[in-house]
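Engineer: Sequence:
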Amino acid sequence: MGQKCCSQQRSCELEEPAVVVQLESVGTVLLHETIKEDIFTVILDKGVVKKLGVNVDDAPDPRGLTVVEITGGLAEKWNSENPEQKIKVGDIICEVNGESQRAAMLDRCKEDDKLVVRVLRIG
1 MGQKCCSQQR SCELEEPAVV VQLESVGTVL LHETIKEDIF TVILDKGVVK KLGVNVDDAP
61 DPRGLTVVEI TGGLAEKWNS ENPEQKIKVG DIICEVNGES QRAAMLDRCK EDDKLVVRVL
121 RIG
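Quick note on numbering: the sequence shown equals residues 1 to 123 in UniProt numbering.
Worth flagging that the hints you see were computed from the coordinates, not collected in a lab.
Treat the hints with care, since some could be wrong.
[What the hints assert, rightly or not] In silico DSS-like links for lysine-lysine, alpha-carbon gap of 27 Å or less: (1) 77 to 114; (2) 51 to 114; (3) 86 to 51; (4) 50 to 86; (5) 110 to 86; (6) 110 to 36; (7) 88 to 50.
[What the hints assert, rightly or not] What follows is a list of derived Cβ distance ranges for each label pair: (8) 113 to 36: 16 to 22 Å; (9) 111 to 84: 27 to 33 Å; (10) 72 to 37: 26 to 32 Å; (11) 36 to 110: 18 to 24 Å; (12) 83 to 39: 23 to 29 Å; (13) 55 to 116: 27 to 33 Å; (14) 62 to 98: 17 to 23 Å; (15) 38 to 101: 21 to 27 Å; (16) 58 to 84: 16 to 22 Å; (17) 50 to 122: 18 to 24 Å; (18) 47 to 104: 29 to 35 Å; (19) 37 to 116: 28 to 34 Å; (20) 38 to 59: 18 to 24 Å.
The beta-carbon is built from N, C-alpha and C at its ideal position, and this holds for glycine as well.
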């Protein structure tokens, strides 16, 4: 009928498939919360403005570079021109110019003039 999911020794039956299901045990009650994930593309051109305007977390995250601050520059310009796809604190940069490894993404940001950035938003 539905899909099975497991969290430690508890299981549940899902009526419809979900993108991501987070299971959290609270006493004897099992809560279900669907978390939405969106990936969108941001194109930044350092032709005139060189400052990216994005600070990322130093802590390694297997999903990518976590945005901790927007400081102006190209990110702010993108946000004002693309209000439906703003770069926000908490977003995860998961790819830059085809690179998905942390060091390679940071290198692309420093060395390339045109950046095609894939951004993951959770929540």
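Engineer: If a hint holds in the structure, say so; if it doesn't, say that too.
Structural biologist: The hints, checked one at a time:
1. 77 to 114: holds, 15 Å
2. 51 to 114: holds, 12 Å
3. 86 to 51: holds, 17 Å
4. 50 to 86: Status holds; Cα separation ~19 Å.
5. 110 to 86: holds, 21 Å
6. 110 to 36: violated, 31 Å
7. 88 to 50: Status holds; Cα separation ~20 Å.
8. 113 to 36: 16 to 22 Å: violated, 33 Å
9. 111 to 84: 27 to 33 Å: holds, 30 Å
10. 72 to 37: 26 to 32 Å: holds, 28 Å
11. 36 to 110: 18 to 24 Å: Violated, at about 32 Å.
12. 83 to 39: 23 to 29 Å: 18 Å Cβ-Cβ, so the 23 to 29 Å window is violated.
13. 55 to 116: 27 to 33 Å: violated, 20 Å
14. 62 to 98: 17 to 23 Å: At roughly 18 Å between Cβ atoms, residue 98 and residue 62 fall inside 17 to 23 Å, so the hint holds.
15. 38 to 101: 21 to 27 Å: holds, 22 Å
16. 58 to 84: 16 to 22 Å: Violated: the Cβ-Cβ distance is about 30 Å, outside 16 to 22 Å.
17. 50 to 122: 18 to 24 Å: violated, 30 Å
18. 47 to 104: 29 to 35 Å: Violated: the Cβ-Cβ distance is about 22 Å, outside 29 to 35 Å.
19. 37 to 116: 28 to 34 Å: violated, 20 Å
20. 38 to 59: 18 to 24 Å: Holds - the Cβ-Cβ distance for residue 38 and residue 59, about 23 Å, lies within 18 to 24 Å.
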